[in-house]
Each structure stands twice: as C-alpha cells, then as structure tokens.
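Using the sequences and the accompanying hints, generate a full structural model.
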Amino acid sequence: MADNVEAIQKSIKWYFIIGGLLIILSGATVGLSYVELPTHSLNILVGMILATIKASMVALIFMHLSHERSLIYKMLAFTAALAIVLFTLFILAHEDPLVFPGFYAPVEQQ
Amino acid sequence: MDIPYTVHARPDTGLYNAKIGIWLFLASEVMLFGGLFSAYIFLRVGADYPWPVHDLDVKLGFINTVVLIASSVTVLMALAMLKLRKFGWYKINMALTVLCAGVFMFNKTLEYKAKFAHYAVRLTDGTMLTGHMPKDKDGNTIHYQVKFDGVTELTLSVPLKHTAVTADPVGYVLPFIEGTAPKFKTESGQEITLDEASFETLSAEAVKKAKAENKGTASIKLVATAPIKLAAKPSEIFAYTDTTITFRDGTTATGKLTDDKMTFEVDGVDARGVAQSEKSLAFDHRYLGEAWQKAFVENRDHHIAKFETDYPTRDKSRSATLQKESLFFKLNSAEPPAAGAPHGDAHGAEAHAPAEGHGEAHAHHPTVVLEKKDFTFFSNFTPKLNTYYAIYFTLTGLHGLHVVAGAGVLLYFLVFDGKRMRQDPEHLANRVEVGGLFWHFVDLVWIFLFPLLYLL
Numbered sequence: 000m001a002d003n004v005e006a007i008q009k010s011i012k013w014y015f016i017i018g019g020l021l022i023i024l025s026g027a028t029v030g031l032s033y034v035e036l037p038t039h040s041l042n043i044l045v046g047m048i049l050a051t052i053k054a055s056m057v058a059l060i061f062m063h064l065s066h067e068r069s070l071i072y073k074m075l076a077f078t079a080a081l082a083i084v085l086f087t088l089f090i091l092a093h094e095d096p097l098v099f100p101g102f103y104a105p106v107e108q109q
Numbered sequence: 000m001d002i003p004y005t006v007h008a009r010p011d012t013g014l015y016n017a018k019i020g021i022w023l024f025l026a027s028e029v030m031l032f033g034g035l036f037s038a039y040i041f042l043r044v045g046a047d048y049p050w051p052v053h054d055l056d057v058k059l060g061f062i063n064t065v066v067l068i069a070s071s072v073t074v075l076m077a078l079a080m081l082k083l084r085k086f087g088w089y090k091i092n093m094a095l096t097v098l099c100a101g102v103f104m105f106n107k108t109l110e111y112k113a114k115f116a117h118y119a120v121r122l123t124d125g126t127m128l129t130g131h132m133p134k135d136k137d138g139n140t141i142h143y144q145v146k147f148d149g150v151t152e153l154t155l156s157v158p159l160k161h162t163a164v165t166a167d168p169v170g171y172v173l174p175f176i177e178g179t180a181p182k183f184k185t186e187s188g189q190e191i192t193l194d195e196a197s198f199e200t201l202s203a204e205a206v207k208k209a210k211a212e213n214k215g216t217a218s219i220k221l222v223a224t225a226p227i228k229l230a231a232k233p234s235e236i237f238a239y240t241d242t243t244i245t246f247r248d249g250t251t252a253t254g255k256l257t258d259d260k261m262t263f264e265v266d267g268v269d270a271r272g273v274a275q276s277e278k279s280l281a282f283d284h285r286y287l288g289e290a291w292q293k294a295f296v297e298n299r300d301h302h303i304a305k306f307e308t309d310y311p312t313r314d315k316s317r318s319a320t321l322q323k324e325s326l327f328f329k330l331n332s333a334e335p336p337a338a339g340a341p342h343g344d345a346h347g348a349e350a351h352a353p354a355e356g357h358g359e360a361h362a363h364h365p366t367v368v369l370e371k372k373d374f375t376f377f378s379n380f381t382p383k384l385n386t387y388y389a390i391y392f393t394l395t396g397l398h399g400l401h402v403v404a405g406a407g408v409l410l411y412f413l414v415f416d417g418k419r420m421r422q423d424p425e426h427l428a429n430r431v432e433v434g435g436l437f438w439h440f441v442d443l444v445w446i447f448l449f450p451l452l453y454l455l
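Line order of the protein sequences matches chains A and B.
With numbering that gives the first Met the number 0 applied, the first sequence has no gaps in its numbers, which climb one by one up to 109 at the end.
With numbering that gives the first Met the number 0 applied, the second sequence has no gaps in its numbers, which climb one by one up to 455 at the end.
Where hints are given, some of them may not hold.
As the list claims (entries may be wrong) - Examples of chain B residues lying across from chain A (beta carbon under 8 angstroms, computed):
no. : residue
1   : I19
2   : A26
3   : G34
4   : L35
5   : L42
6   : M76
7   : K82
8   : L83
9   : F86
10  : P181
11  : G188
12  : I191
13  : D373
14  : T375
Claimed, not checked - Away from chain A, derived, C-beta distances all over 12 angstroms, residues of chain B:
no. : residue
15  : L109
16  : D137
17  : Y171
18  : S218
19  : K228
20  : E235
21  : T251
22  : A290
23  : V296
24  : T312
25  : N331
26  : S332
27  : K371
28  : G407
By construction, these hints were calculated from the structure, which means they are not laboratory data.
Source: prediction; values computed, not measured.
Don't be surprised by glycine CBs; every beta carbon is placed ideally from N, CA and C.
Structure, rendered in structure tokens:
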C-alpha cells in the first residue's frame with residue numbers, strides 16, 4: 000500500500016468501487032442461477048466465471064496483488080502450479096475408476 | 000532483542016517479514032481448501048441422488064456474502080486510516096469488521112440450527128419426505144422412539160474374555176427405562192436396584208459361576224418386581240423385534256413392543272426417486288391421501304406444461320430444475336389446497352423459497368404417522384443424510400472457523416495494541432495489513448462456497 004496521503008485517498012475510493020461491484024456481481028450470480036440455461040453445466044460454468052472474476056478483484060485490489068514484490072508472485076506461482084496438480088490428480092482418479100463393467104465379472108454376465 | 004524487519008522492508012526482498020509469512024500461510028490454505036473443493040467435485044459427480052440446488056436459504060447466504068464484502072472494505076479502511084494516523088476512524092473500522100464477522104457467524108448459527116431440526120425420511124419406494132418431528136406444548140421436540148411395555152426380564156451377558164461388547168446396564172439400559180428406578184430380583188432371590196455397585200457384585204458372582212461351569216460367557220438374569228416401560232431412539236439400541244429388545248451392550252429384554260411408529264410433520268414430498276411419482280407411498284390412504292395426491296399431480300403437470308411452453312425444444316428429463324419443481328412437492332398448509340385453487344404463482348414463488356423453515360415458520364404442515372415397515376432411513380439434515388450435507392458442513396464449518404479466527408486476531412489488534420498504535424503506528428499498520436490479508440482470503444473462499452453450495 001502506498002504511503003502518501005493522496006495515493007491512500009485514491010485507493011480508498013477504489014475499495015468502495017470494488018466493494019460495490021462485488022455486491023452487484025454477487026446479486027448477478029444469484030439471479031443467473033435461477034435462469035434455466037440449456038444445461039445445468041452451463042449454469043455452473045457461468046457461476047464459476049463470475050466467482051473467478053470476483054475472486055480476482057479481491058486478490059488484485061483488496062490483497063494488493065496488482066502491485067506486489069516479485070517474491071510474492073514467485074511464491075504464488077508455486078501455489079498455483081501445485082493447486083493445478085492437485086485438481087489434475089482428482090480428475091485422473093475420476094477418469095480411471097477402480098470399478099468398471101467387467102472388473103469383477105465378464106461383461107456379458109451382467 | 001528486537002525481531003528484525005517488522006516495520007521496515009528487508010533490503011533484498013523489499014518486504015517486511017510478516018508479509019512473506021502470511022503469504023506462505025495463505026499458500027498452504029489454498030492447498031487445504033483446494034483439497035476440499037476437489038472432494039466437493041468428486042462427491043458431486045459421484046452422487047447417486049439429485050444434487051441439492053437452491054435447497055439452502057439463499058437469502059441468508061446472500062446477506063452473509065454482502066456482510067463479508069462489507070467487512071473486507073472496512074478492514075482496508077482501517078488500514079488506510081491507520082496510515083493516515085486517524086486513530087478514531089481506524090478503531091471504528093476495525094470494530095465494524097469484527098461486528099460483521101459476528102453477524103456472519105450469527106446467521107450461520109441460524110442456518111445450522113434449522114438444519115439440525117429439519118428431518119428427511121426415506122420411504123421403502125424411494126420417496127423422501129422432509130419435515131419436522133412434532134413438538135409438545137412446551138415446545139420441546141418429540142423425538143422418534145421405539146417403546147416397549149411390560150418388560151419383566153433382563154438378560155445381561157458378561158464375556159469372560161476381553162471383547163468389544165460387554166454388559167454395561169448403567170450406561171446402555173437404565174437411561175431408557177421410564178419412571179423411577181426399578182427393582183429387580185436376582186436368580187438367588189435377592190432384591191436389588193441396578194447400579195454400578197450392585198452390577199459389580201452380580202457380574203463377579205456370575206463370572207465365578209461361569210468359570211466353574213467352563214462357559215465362555217457369564218449371563219445374569221434379572222426379573223423386575225414390577226413391569227417396566229422402555230423408550231429409546233433406534234440409534235441408541237442395537238435391535239428389536241415384537242417381543243425383545245437388544246441394547247448396545249448386548250443386554251436383551253423381553254416385553255411387548257407398543258409403539259414404533261414415527262409421527263412426522265411433512266413439509267415436502269420428494270418423489271424424484273419413484274418411477275411413477277403419483278403412486279408414491281406418501282399418498283397412501285394411511286398417510287397424505289388422495290387430496291394431497293391430487294394437489295401433487297396438479298402442481299407437477301402445471302410445471303411440466305409450463306416448461307413445455309417455455310422451452311419447447313428441450314428434453315424434459317434432462318432439466319434438474321424441472322425435476323425438482325415438478326416432483327419435489329412442498330406442503331405449506333395443514334390441509335390440502337381446494338381443487339382448482341390458483342397455485343401456479345404460489346408454486347412459482349415457492350420453488351424459489353428456501354426448503355428449510357426457520358424457527359416457527361413450519362407450524363402448519365400435515366402430520367402423518369409412519370409405520371416402521373414403510374421407511375428405511377431417517378436423519379436430520381446433517382452429514383449423515385447424504386454426501387452433499389457432509390461436504391456442506393465440512394466446508395462451511397471450516398470456513399466458519401476461519402471467520403472466528405480472523406475476527407479474533409483483528410479484535411486482538413483493536414483491544415490490546417493501543418500502546419503500539421500511539422508509539423509505533425507503522426508497525427501496527429503492518430500487523431493490520433497481514434491480518435487483513437487473511438481476512439480477504441476468508442472472503443475469497445466464500446466467493447466460491449456461496450455459489451457452489453447455495454446456487455448451482
């Protein structure tokens with residue numbers, strides 16, 4: 000966070016703008032969740048896109064990640080990579096289930 | 000010794016140390032919640048029941064979202080005011096942040112409380128009934144209990160070898176006996192009251208006898224001097240038949256089953272698991288009956304017809320929303336609505352209303368008395384009900400703990416760091432910034448939790 004008075008006052012203005020935007024976007028998320036899109040997966044996709052936008056706003060403005068020292072970015076790059084690995088592991092586990100037709104008995108007997 | 004770099008940045012990193020610390024911590028938190036969000040995805044794709052959508056109280060969830068966003072702004076304001084050396088405003092903003100955390104947790108308590116009091120019963124044909132256990136006139140919940148009368152004989156068994164189950168009548172039998180402590184006659188004709196001491200003597204005798212006779216288990220027979228009444232929740236006993244009841248310590252009692260019916264105030268019939276929804280067991284003449292069945296069919300057909308006009312090209316069976324609106328029928332009055340009563344709009348609005356009633360909102364629902372043979376499972380809306388509620392309580396519970404912890408840290412700065420504020424405000428500003436970063440992270444998690452659990 001900047002230390003001179005003008006910069007602080009300017010950022011205060013931004014905090015309120017972003018706070019307001021977050022509330023509006025939350026309202027939009029609620030509203031859109033009641034709209035019957037062709038599939039429910041689309042509803043989930045739209046909801047998650049909105050949530051990601053909101054999360055980015057919090058991270059960039061509220062958590063000051065829009066202007067941070069390079070060390071923090073390096074640490075977060077590791078976190079992001081590990082988080083991606085974590086989710087990938089889950090997807091791999093899901094795509095390779097332990098039980099599938101024919102695992103316990105020949106398929107034609109089922 | 001002073002801890003270095005608490006106020007000014009380290010020349011090589013350009014950061015004061017606590018900031019690196021909090022970001023490392025937040026990185027580990029990302030992995031913690033990442034694991035749980037992965038579990039959510041896993042449970043959701045693997046669910047063998049309709050995943051609840053809009054079943055939680057959306058209004059309360061939205062209020063909490065706004066409250067958390069507001070608190071994120073106030074914690075930033077507190078930091079800015081501290082940097083501007085406006086200490087009064089700093090304190091006000093910190094107090095507002097902690098207050099917001101309090102409001103958030105209060106709302107969470109309301110939500111949890113409603114869940115604990117709300118029940119679901121699965122009927123044998125796959126119908127899920129939702130509703131509440133009845134209350135007595137003092138407002139106490141009457142829980143479902145299995146009742147026995149005329150119990151005269153208790154058989155306790157004490158294994159000679161160490162096993163997982165051994166007779167413990169004081170812990171597992173006595174709590175379910177109604178009325179005053181009964182008196183028993185032992186096999187030797189002695190009259191006793193059952194308690195720790197008398198049970199100790201009895202079992203010592205029985206064990207001695209069993210050893211002499213070379214048996215593996217010592218059994219103690221007790222005959223009550225007057226017939227006993229028993230009442231227990233099914234989860235508190237092991238099993239029962241029409242004439243015997245087996246407690247969790249292996250003790251059996253013989254008597255007569257007088258009541259194992261469940262009185263239930265139905266506020267919803269979820270027929271999504273039934274092949275022919277209108278033939279759901281819930282509409283049996285012993286239960287909700289024909290008039291409710293008619294209302295159900297009317298509501299179902301109304302929603303299907305509306306869907307057909309609104310989305311003529313879409314596949315009806317693939318719309319989870321339609322399935323829910325047409326087959327998860329909400330009962331909002333004690334009596335079935337009169338035939339042809341305008342309910343289209345009412346149901347339209349109702350579908351958007353929370354499924355859970357708060358406090359007294361559920362006062363008027365039809366009451367049914369379910370026979371034991373007609374239901375297979377019942378639970379309140381807790382992790383035991385299904386995987387959705389398991390992950391809901393895990394995620395919101397852990398998030399709630401974060402809210403409490405974050406608010407605790409901020410409250411500590413507000414209350415106990417007054418001296419630092421006057422003497423070294425820049426140091427306090429760094430502390431507040433770090434506490435604030437954690438607070439924003441808590442907000443960030445909620446941004447994903449709210450849509451995933453409440454909306455989608």
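Going down the list of hints, with the structure as the test:
1. I19: Constraint on B:I19 satisfied, holds at 7 angstroms.
2. A26: It holds, given that the least Cβ distance between B:A26 and chain A is near 4 angstroms, below 8 angstroms.
3. G34: 7 angstroms, holds
4. L35: This hint is violated: B:L35 lies away from chain A, its Cβ roughly 11 angstroms from the closest one there, beyond 8 angstroms.
5. L42: With a closest approach of 11 angstroms, the B:L42 hint is violated.
6. M76: 7 angstroms, holds
7. K82: 6 angstroms, holds
8. L83: Interface hint status for B:L83: holds (6 angstroms vs cutoff 8 angstroms).
9. F86: Status violated, d = 15 angstroms.
10. P181: Nearest chain A Cβ about 52 angstroms off; hint violated.
11. G188: Violated, about 59 angstroms.
12. I191: 55 angstroms, violated
13. D373: Violated, about 31 angstroms.
14. T375: 24 angstroms, violated
15. L109: It holds; B:L109 is separated from chain A by about 19 angstroms at its closest Cβ, greater than 12 angstroms.
16. D137: Fine: 39 angstroms to the nearest Cβ keeps B:D137 off the interface.
17. Y171: The assertion about B:Y171 holds, with a minimum of 38 angstroms to chain A.
18. S218: 43 angstroms, holds
19. K228: B:K228 clear of chain A: closest Cβ-Cβ about 48 angstroms, beyond 12 angstroms.
20. E235: Consistent with the label, B:E235 stays out of reach of chain A, its closest Cβ about 35 angstroms off (over 12 angstroms).
21. T251: 39 angstroms, holds
22. A290: The claim stands: B:A290 keeps its Cβ more than 12 angstroms from every Cβ of chain A (closest is about 30 angstroms).
23. V296: 22 angstroms, holds
24. T312: 9 angstroms, violated
25. N331: It holds; B:N331 is separated from chain A by about 20 angstroms at its closest Cβ, greater than 12 angstroms.
26. S332: The claim holds: B:S332 sits with its nearest Cβ about 25 angstroms from chain A, beyond 12 angstroms.
27. K371: 33 angstroms, holds
28. G407: B:G407 is indeed farther than 12 angstroms from all Cβ atoms of chain A, at 20 angstroms.
Figure legend: structure checked against the earlier numbered hints; hints not met, in rising order: 4, 5, 9, 10, 11, 12, 13, 14 and 24.
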